[in-house]
Amino acid sequence: MPSAPRPAPPPQTAPAPTSGVRSVISYLLFIHFFFLLVGIKASTNTPSALDQDLSNKVPGLHAYLQLLGMDLSYMVDLTGYDPESHNQFSEEGQFVPEDTDYVVEADIPQADGSMRTIVWPTDEYARASIGRTRWQRLVSQAVILSEIDDENAAKLAHVIARRIMAETGCGQASKQKAMNVRFRRRLLQNLIPRPEVTWDQLAEEYARDPRDPAYLQTSLELVAYLTANDEFESTSKKAASNTAAPAGSPKSRPRPRPTGTPTGTPTGTGASS
Amino acid sequence: MIDAAGYCRRTTSRFIEAWNAFWFSPSDPLPLAVLRWVVGLLAIYIVGSFGFELLRYFGSVGMLPIETIREISGPYRVSLLDYFSDATSLYLIHGITLLVLIAFTVGFQTRWTSILSFVLYMTYFHRAPILTTVVEPVVAMLLLYLAIGPSGAALSVDAWLRRRKSPATAAAAPSYQATLALRLIQVHTAIIYFMMFAGKSHGNFVWWNGNAVGWLTARPGAALVDLRWLYQWQYVLNFWTMAIVAFELAFALLIWNRTARPLLIFTSAVMWTGTALLTGLVPFCLAMFAAGLAFVSAEQWNGLCGCEAPAAPK
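Chains as they are written, first to last, in our numbering: chain A, 72 to 344; chain B, -13 to 300.
No lab work stands behind these hints, which were simulated from the structure alone. One or more hints might be untrue.
Below, a list of computed lysine to aspartate or glutamate pairs in the EDC-like style, where the Cα atoms sit at most 16 Å apart [said to hold, decoys possible]:
(1) 308/A x 220/A
(2) 226/A x 53/B
(3) 226/A x 57/B
(4) 308/A x 178/A
(5) 308/A x 218/A
(6) 112/A x 124/A
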């Protein structure tokens, strides 16, 4: 008869730290949380003078937090969307909104003289994939930096266009032909009830396709080409359109009848009504 | 007459006792082991997703030239990837990183792989800070603290090998390092929740007027399901918005209360599922939910899986 398995012996507690070890760890904990809290406070949109002074003058603070990836405010607000001021950002460019989609479009000249437009992130990325989010972040950085006239916007846009040209083979296929690249932000459908808009108008807005290209706002546009020496060049040009609004609503679609009661506080006239 | 010196002595003594009990009383490393699996899988996903785009981002004709990135994001971001831009080196580093992360996740040589995992994970984080979404910093924080504690002491290859070598070996021993790592995760997580509340409440009008969830549903490229039809029920959208704000504040403050803790952890599952559907930020929602799991004790984990808790340590 098989013998019953012996129960495992109870776990022995690891030795407790000595008083000296506890003191050292406590000191390190104090330093860590002091740095962390100062870093967090200084990274907010409205840091106090004390936060900024501490952040700038405490030796090693920046290096410590940046190395650990903790030099941020953790103020994940997901959205702060305001249809009237969506393109106003802090001068430092710290505020990167997570609440709109960004795309980069390229008109690529084909060998037969026609143009083919490709949009990134492409549909190959799953909707919630981190690869798609990275594209959004990259394009949003170029757009936002351009809106605060940061010189790095042009650099970023330049290297993105260069990569697009390299991946699409545009330069080789049609040398000397320019490729147009547009960095665009997708404005949101304004379905928020507000005094100046009736429920019928909201229903009409709802019936529109939120992916309608008319919702796209071009923020940065450049022309990219290969020179005679096969060197990549790009020049910025004035954005073709700085506002976006659907031209009209498709009348053929069913219009849902709103049944709720408006409760939202007015937030503006909306980008597309 | 008031004995001021005695009062100060007693108060200081009580504070030190409470401090030592909070940070240094030994605890079971099982919660760290559970977190190691979740965080390890998330880190594999985040780093692995660069696999198809290594050259696109980091190659010599990539979209992230080092000089521009340094100018935008600061000088202290040291990355191994700064020194390589050819395909062979990039894929080699990527392969090694994934192997290390897999070893960490399954708990093989965890003492070393946990530290290496953090270092290699940060290599990507520092090379591409402008691509950083909201999830990377949360996972970085969790990886760092898991490297401090004995996260490989249970549910790991290391533990299995240890038992195979010596069947009489006791189960994972409670240790103060486990408590230290867990407490660091708990405090940092509570800070993040509070700052998320602060971000929504401080000058962010749409969270106070109840319209935030309405705007989130309107973003076609993000939401996992089309919830725009909810515009007809504004009360629902307003309630959902306020519920998110209230939950974040409640989690930061009340998670320390033992009675409220199970309710808050259950609510966090509901809240983060809803947020994932709304925003499409699935990895971030998973990471935040996982961080909250640091508040589940070893006894509760044993109770959940129907396992018998190890006998109390002597």
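Here is what the structure says about each hint:
1. 308/A x 220/A: Status holds; Cα separation ~14 Å.
2. 226/A x 53/B: 10 Å, holds
3. 226/A x 57/B: Between residue 226/A and residue 57/B the Cα gap is close to 11 Å, so the pair holds against 16 Å.
4. 308/A x 178/A: 15 Å, holds
5. 308/A x 218/A: Holds. Residue 308/A to residue 218/A sits at ~14 Å (cutoff 16 Å).
6. 112/A x 124/A: 11 Å, holds
Checked against the numbered hints listed earlier, the structure breaks none of them; every hint is satisfied.
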